[in-house]
Amino acid sequence: MATTEHQSTLLPLTLFKAKEGLSNKAGVTIYEGVITFEELAKHFPVEANSDVLSEQLKRQRDVDSGRVNALKRYWQETDAAVFPNMTFFCNELTVLEEMKIGNRSVVTAELPATADRFIADGQGRTTFIKWLLAQYKDHFNDFTVSFKLIHIDDISLSTPFASKLIRQLFSDYHVSLKKPNQSISNHFNNRTPFASLLNELLELNIGNGKILKDRIGLHGKINRGTMWKFDQLKSMILKFIGVTASTADKYLIDQEQYELSLNLCQEFLREAISQIPTDMLDGQDFKTQHDAAMFTKVVFTNGLGLLGRSIFDSIVSGSTVSFEALKNINLPIDDKGDKFWLKNNVTTADHKIVRGSDKRIGSLMCQHLKVFPTLELMA
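Take the sequence shown: its position 260, counting from 1, is numbered 260 in the working numbering, and each next residue is one higher.
In short, the hints are calculated from the structure, not lab data. It cannot be assumed that every hint is accurate.
To be verified - 27 Å max Cα-Cα, derived DSS-like pairs, lysine-lysine: (1) 25 with 250; (2) 210 with 250; (3) 100 with 164; (4) 72 with 221; (5) 72 with 164; (6) 339 with 352; (7) 213 with 287; (8) 287 with 352; (9) 359 with 370; (10) 137 with 42; (11) 221 with 352; (12) 72 with 130; (13) 250 with 213; (14) 210 with 164; (15) 327 with 339; (16) 164 with 17; (17) 137 with 72; (18) 164 with 137; (19) 327 with 213; (20) 100 with 25; (21) 19 with 164; (22) 130 with 100; (23) 359 with 250; (24) 370 with 339; (25) 221 with 210; (26) 164 with 221.
Claimed, not checked - The following label-pair restraints were derived from C-beta to C-beta distances: (27) 253 with 135: 32 to 40 Å; (28) 158 with 367: 43 to 51 Å; (29) 161 with 95: 16 to 24 Å; (30) 78 with 349: 30 to 38 Å.
The beta carbon of each residue, even a glycine, is placed where N, CA and C say it ideally should be.
Given only the sequences and the hints, what does the whole structure look like? Please build it.
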């Protein structure tokens, strides 16, 4: 894992033993403590941003200048600054002594120089604190911030088990908040049946040596090769399955239904994506191409999901129609400026997308493929 450097010396710690729901996981122990700004800056690295470290490997959102600058303004505008508790993970911790003080269990411990450590919550604050110490030398070294330390007894923090816990904690902290975009929070979430389904779909082989996640903006960003944002994929799959975000988990909690839905989604996505000219997004001009295409738009992916649902309904009703019908799509999906979309009220004369035209697109594709539309398209 690419991270900023940290000092390769052990860190002495005094910690309170804690007990939370996560403590029930095998090999997980939780502690609470305080750390000085100097110790934090020296011993805890910040995960590299996605321009250095692949989104597929990241377990945190990027640290952006906006968040750090906001902390700088906060520090300058008040003489009573206080930071909320941070959350760290480590895979090694040497407990030297445990004692009872009052009604609490306290340990003295050491974080070995060789231990993996990861900031699960507090990267922006850490980046700011490192800047602060660089600006003012020793003046704020002894300032403190509280932290939660989650020790996972594992060979590293990059194992599937450790990575899953770190990402789930990020999602639990942030999934209902507005600051991190919904794509990253939904991608890191793996607690619900629908979230698990989406993350399994990301591993789908879509040909040309790629899996689906290679074409998805996992963190809600459009990079070279990105076809859709993660939240866009989520919305399309909801349309395809025929459920809402609030009912998806209840629908998928039955294991048999989950497996059936997973297989259908995989078959649908594999066939649909094979008809999309994704290679136009692989060049230096990927941003221009992404903006010019119709298949990259939310209204299109929602419409595609409704088309898939319509095909599935035909299968259920006994027709011989299969997802191979998608091979017959011969529409200008690579060009939102094509007069076909203007003629059918999907775009305006200046090539802007008409909001709420996803059902219109679904109906147009059903008509084009001679597929009987699903109920939502007839409402």
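Hint check:
1. Proposed proximity of residue 25 and residue 250 is supported: the alpha carbons are some 25 Å apart, at most 27 Å.
2. Only pairs whose Cα atoms come within 27 Å are accepted, and residue 210 paired with residue 250 is rejected, the gap being roughly 32 Å.
3. Taken as a hint, the residue 100 and residue 164 pair is broken in the structure, with Cα atoms around 33 Å apart against an allowance of 27 Å.
4. For the hint linking residue 72 to residue 221, the alpha-carbon distance of about 26 Å falls within 27 Å, and the restraint holds.
5. For the proposed pair residue 72 and residue 164, the alpha carbon gap of about 32 Å is over 27 Å, so the pair is violated.
6. With a C-alpha separation of about 12 Å, the suggested pair residue 339 and residue 352 falls inside the 27 Å cut-off, and the hint holds.
7. Distance check on the hinted pair: residue 213 and residue 287 sit about 18 Å apart at the alpha-carbon level, within 27 Å; holds.
8. Of the pairs offered as hints, the one joining residue 287 and residue 352 holds, with about 16 Å between alpha carbons and a cut-off of 27 Å not exceeded.
9. Among the hinted pairs, residue 359 with residue 370 is consistent with the structure: their alpha-carbon atoms are about 16 Å apart, no more than 27 Å.
10. Under the criterion of a C-alpha separation no larger than 27 Å, the hint pairing residue 137 with residue 42 is consistent with the structure, at around 13 Å.
11. A hinted pair counts as satisfied when its Cα atoms are at most 27 Å apart, and residue 221 with residue 352 qualifies at roughly 21 Å.
12. The straight-line distance between the Cα atoms of residue 72 and residue 130 is roughly 12 Å, inside the 27 Å bound, and the hint therefore holds.
13. Straight-line distance between C-alpha atoms of residue 250 and residue 213 comes to about 25 Å, which keeps the hinted pair within the 27 Å bound.
14. Note on residue 210 and residue 164: the hinted pairing holds, with a Cα-Cα distance of about 22 Å set against a maximum of 27 Å.
15. In summary, the hint linking residue 327 to residue 339 is supported, as the alpha carbons are separated by about 22 Å, within the 27 Å threshold.
16. With a CA separation close to 23 Å, the supplied pair residue 164 and residue 17 stays within the 27 Å bound.
17. For a cut-off of 27 Å, the pair hint linking residue 137 to residue 72 stands: about 16 Å separates their Cα positions.
18. Pair hint residue 164 plus residue 137 does not hold up; C-alpha atoms about 37 Å apart against a cutoff of 27 Å.
19. The suggested pairing of residue 327 with residue 213 holds, with an alpha-carbon distance near 22 Å, which does not exceed 27 Å.
20. Between residue 100 and residue 25 the CA atoms are separated by roughly 24 Å; this keeps the pair inside 27 Å, and the hint holds.
21. At most 27 Å may separate the alpha-carbon atoms for a hinted pair to count; residue 19 and residue 164 meet this at roughly 20 Å.
22. Taking the CA atoms of residue 130 and residue 100, the gap is about 34 Å. The hint is violated against a cut of 27 Å.
23. For the proposed pair residue 359 and residue 250, the alpha carbon gap of about 25 Å is at most 27 Å, so the pair holds.
24. Proximity of residue 370 to residue 339 is assessed by CA-CA distance (about 22 Å); at most 27 Å being required, the pair is judged to hold.
25. This hinted pair checks out: residue 221 and residue 210 have alpha carbons roughly 19 Å apart, not beyond 27 Å.
26. Between residue 164 and residue 221, the direct Cα distance comes to roughly 22 Å. Compliance with the 27 Å bound is thereby established for this hinted pair.
27. At about 52 Å, the CB distance of residue 253 to residue 135 disagrees with the hint of 32 to 40 Å.
28. A C-beta distance of roughly 50 Å is found between residue 158 and residue 367, which places it inside the suggested range of 43 to 51 Å.
29. As the Cβ distance of residue 161 to residue 95 is approximately 21 Å, the hint placing it in 16 to 24 Å holds.
30. Evaluation of the 30 to 38 Å hint for residue 78 and residue 349 yields a failure: the beta carbon distance comes to about 52 Å.
Checked against the numbered hints listed earlier, the structure breaks hints 2, 3, 5, 18, 22, 27 and 30; every other hint is satisfied.
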